[in-house]
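Visitor: Given only the sequences and the hints, what does the whole structure look like? Please build it.
At position 98 of the sequence shown the residue is numbered 98 (the numbering used here), and the sequence of numbers has no breaks.
Be aware that one or more of the hints could be misleading.
Think about it this way: if two alpha-carbon atoms lie no more than 20 Å apart in a straight line, the pair counts; the simulated EDC-like pairs of lysine to aspartate or glutamate are [said to hold, decoys possible]:
id, residue 1, residue 2
1, Lys504, Glu473
2, Lys504, Asp444
3, Lys364, Glu353
4, Lys364, Asp351
5, Lys364, Glu331
6, Lys364, Glu227
7, Lys364, Glu393
8, Lys146, Glu117
9, Lys146, Glu178
10, Lys364, Glu316
11, Lys504, Glu482
12, Lys364, Glu388
13, Lys364, Asp395
14, Lys146, Glu161
15, Lys364, Glu287
16, Lys504, Glu477
17, Lys146, Glu159
18, Lys146, Glu79
The hints are simulated quantities; they were obtained by calculation from the structure and are not laboratory data.
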Amino acid sequence: MPTGRNRLFSGVLIAVTSMAIGLVLAARLDLTSGSSAQTFIASTLPPMNSTPIEGQLTATTFRDIASAQSPMVVNIRTEATRQGRDLSELFGGNGGDELFRRFFGDPPEGDQEPREETTVAAGTGFVIDEAGYIVTNNHVVEDATKIEVTFLDDDTAYEAEVVGQDRLTDSALLQLIERPDSPLAVATFGDSSQMQAGDWVMAIGNPFGLGHTVTVGVVSAVGRPFEQVRGRAQNVIQTDAAINPGNSGGPLLNVRGEVIGINTAIVSDRPSNLGIGYAMPINTVRELLPQLRTGRVTRGVIGVSIIPVTNDDYEELGLDEARGAIISRIEPGMPADNSELEPGDVIVAYDGEPVRNIEDLQSKVTATPPGTVVNLGVYRGGAPGTVEITIGELDLENQGRQARREVEDLNSGFGMNLQDLTAENARELELGGGVSGAVVSGIDNGGAAQRGGVVPGDVITAINQQEVGSAAEAVRELNRIESGRTAFLLIQRRDGQVFLRVRKE
1 MPTGRNRLFS GVLIAVTSMA IGLVLAARLD LTSGSSAQTF IASTLPPMNS
51 TPIEGQLTAT TFRDIASAQS PMVVNIRTEA TRQGRDLSEL FGGNGGDELF
101 RRFFGDPPEG DQEPREETTV AAGTGFVIDE AGYIVTNNHV VEDATKIEVT
151 FLDDDTAYEA EVVGQDRLTD SALLQLIERP DSPLAVATFG DSSQMQAGDW
201 VMAIGNPFGL GHTVTVGVVS AVGRPFEQVR GRAQNVIQTD AAINPGNSGG
251 PLLNVRGEVI GINTAIVSDR PSNLGIGYAM PINTVRELLP QLRTGRVTRG
301 VIGVSIIPVT NDDYEELGLD EARGAIISRI EPGMPADNSE LEPGDVIVAY
351 DGEPVRNIED LQSKVTATPP GTVVNLGVYR GGAPGTVEIT IGELDLENQG
401 RQARREVEDL NSGFGMNLQD LTAENARELE LGGGVSGAVV SGIDNGGAAQ
451 RGGVVPGDVI TAINQQEVGS AAEAVRELNR IESGRTAFLL IQRRDGQVFL
501 RVRKE
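Guide: Structural data, given as structure tokens:
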């Protein structure tokens with residue numbers, strides 16, 4: 001789904017045009033509240049209404065919400081710059097320079113440098129403060145070189161800038177550089193923890209660039225895990241309120257017209273809504289606002305890889321039920337490496353609070369300020385114990401680069417680099433939540449993969465009829481193939497599946 005961000009693989013034109021079963025970035029939904037302005041202060045949180053939702057729907061309930069809240073919803077237009085594709089790439093890249101010259105001759109002096117291209121996209125956001133602060137999705141404004149905001153019934157484009165961004169919750173805080181002369185309508189915050197399956201909700205946004213549009217539905221589920229960043233899921237609200245490309249960053253409202261979520265993604269087999277939309281709970285983003293206002297979000301980390309406790313193994317671990325998280329690996333140089341934790345330990349408690357599962361542990365750790373000393377309740381060899389650990393600071397960017405390097409270093413003989421397919425990758429490639437596998441992040445000119453028809457952006461879903469769900473699994477299967485033998489790859493592209501044959505060097 002177009003978001004205005006640079007494509008995952010810079011400089012590579014992925015020659016595919018339509019979407020497979022897809023996790024698509026949700027179109028922006030605009031939700032505003034003109035009746036209750038709030039003053040946003042970096043050291044405090046915006047007020048939240050936790051009063052139980054009661055009363056009955058009337059014939060004008062949704063009409064009244066749309067009328068009252070649409071003024072605080074904004075359309076966001078972004079521009080981003082990326083390296084343009086060299087025409088010689090159409091003739092095989094560096095290996096096709098000679099063929100390129102046969103048709104076009106030598107390029108003029110000064111035209112040797114890569115060209116820059118400007119991409120334009122649209123999204124949604126909503127005003128949370130009279131000073132001109134706007135909340136939207138991170139993916140709406142990530143890498144944007146220019147951001148313009150327009151309001152309901154006002155065609156004037158007002159310039160805005162990014163104040164803070166957070167990839168983990170896919171949230172961003174903007175501030176208007178230019179603003180209307182009239183007072184801004186401001187959103188009010190509801191309590192997303194109150195929402196349950198069956199509750200009525202409304203989405204306001206800018207689907208397909210059409211301008212302010214409202215849709216109504218119900219909460220389909222709460223607490224759905226959504227992996228925005230590899231290996232780190234956030235619980236989101238699922239709704240059947242129609243959310244389409246362009247609604248990303250818009251609000252999801254309760255029947256009082258209060259924001260209870262930020263629309264982030266949809267699951268679809270085509271570029272439109274099919275009744276499964278995801279919204280980041282507003283409570284999660286609200287707690288981050290003071291940090292977003294400073295321009296930097298910090299989170300805790302202990303530096304372990306963890307796997308779930310299952311119904312098949314909890315008794316062998318000495319537990320009375322399937323709970324906690326098993327340490328499978330301790331990262332060198334991280335806080336866990338400087339503690340008494342060991343691989344195989346089962347973390348069942350965090351500073352006195354029970355740990356239900358992997359997501360629960362991750363949530364507790366990331367919410368802890370770096371430098372905090374906590375006590376972990378662990379089971380080791382079937383016996384309970386306690387381990388003290390000092391929380392470190394999570395670095396999502398370096399963690400992602402390190403993970404990619406580890407995967408790339410494992411593979412040889414095919415001339416391609418692989419990465420895990422994450423929600424972020426899937427949006428970039430316009431794929432869906434039903435696709436799993438390994439993303440081809442790069443190929444060697446003249447290598448086996450290129451000769452076999454593989455292109456960057458391909459997602460390998462099976463190798464020699466063996467399904468693979470990650471880059472590590474793909475590398476494992478590829479490494480089993482002897483030099484000179486053939487790998488049959490099932491590839492997922494936006495326009496469908498492709499079956500390729502690649503001979504290992």
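Visitor: Next, verify each hint and record whether it holds.
Guide: Hints, one by one, checked against the model:
1. Under the criterion of a C-alpha separation no larger than 20 Å, the hint pairing Lys504 with Glu473 is consistent with the structure, at around 17 Å.
2. With a CA separation close to 13 Å, the supplied pair Lys504 and Asp444 stays within the 20 Å bound.
3. With a CA separation close to 9 Å, the supplied pair Lys364 and Glu353 stays within the 20 Å bound.
4. Between Lys364 and Asp351 the alpha-carbon distance is near 9 Å, which keeps this suggested pair within the 20 Å criterion.
5. Distance check on the hinted pair: Lys364 and Glu331 sit about 19 Å apart at the alpha-carbon level, within 20 Å; holds.
6. About 16 Å separates the Cα atoms of Lys364 and Glu227, which keeps this hinted pair within 20 Å; it holds.
7. Between Lys364 and Glu393 the CA atoms are separated by roughly 13 Å; this keeps the pair inside 20 Å, and the hint holds.
8. Pair hint Lys146 plus Glu117 holds up; C-alpha atoms about 14 Å apart against a cutoff of 20 Å.
9. Simply put, Lys146 and Glu178 have alpha-carbon atoms about 13 Å apart, close enough for the 20 Å limit, and the pair holds.
10. Taking the CA atoms of Lys364 and Glu316, the gap is about 26 Å. The hint is violated against a cut of 20 Å.
11. A distance of roughly 7 Å separates the Cα atoms of Lys504 and Glu482; the hinted pair therefore holds under the 20 Å criterion.
12. Taking the CA atoms of Lys364 and Glu388, the gap is about 15 Å. The hint holds against a cut of 20 Å.
13. A hinted pair counts as satisfied when its Cα atoms are at most 20 Å apart, and Lys364 with Asp395 qualifies at roughly 16 Å.
14. As the CA atoms of Lys146 and Glu161 are separated by approximately 8 Å, the hinted pair is consistent with the 20 Å bound.
15. Our distance criterion of 20 Å between C-alpha atoms is met by Lys364 and Glu287, whose separation comes to about 14 Å.
16. For the hint pairing Lys504 with Glu477, the CA-to-CA distance comes to about 12 Å; that is within 20 Å, so the pair holds.
17. Straight-line distance between C-alpha atoms of Lys146 and Glu159 comes to about 8 Å, which keeps the hinted pair within the 20 Å bound.
18. Proximity of Lys146 to Glu79 is assessed by CA-CA distance (about 5 Å); at most 20 Å being required, the pair is judged to hold.
Going through the hint list in order, the structure does not satisfy hint 10, though it satisfies all others.
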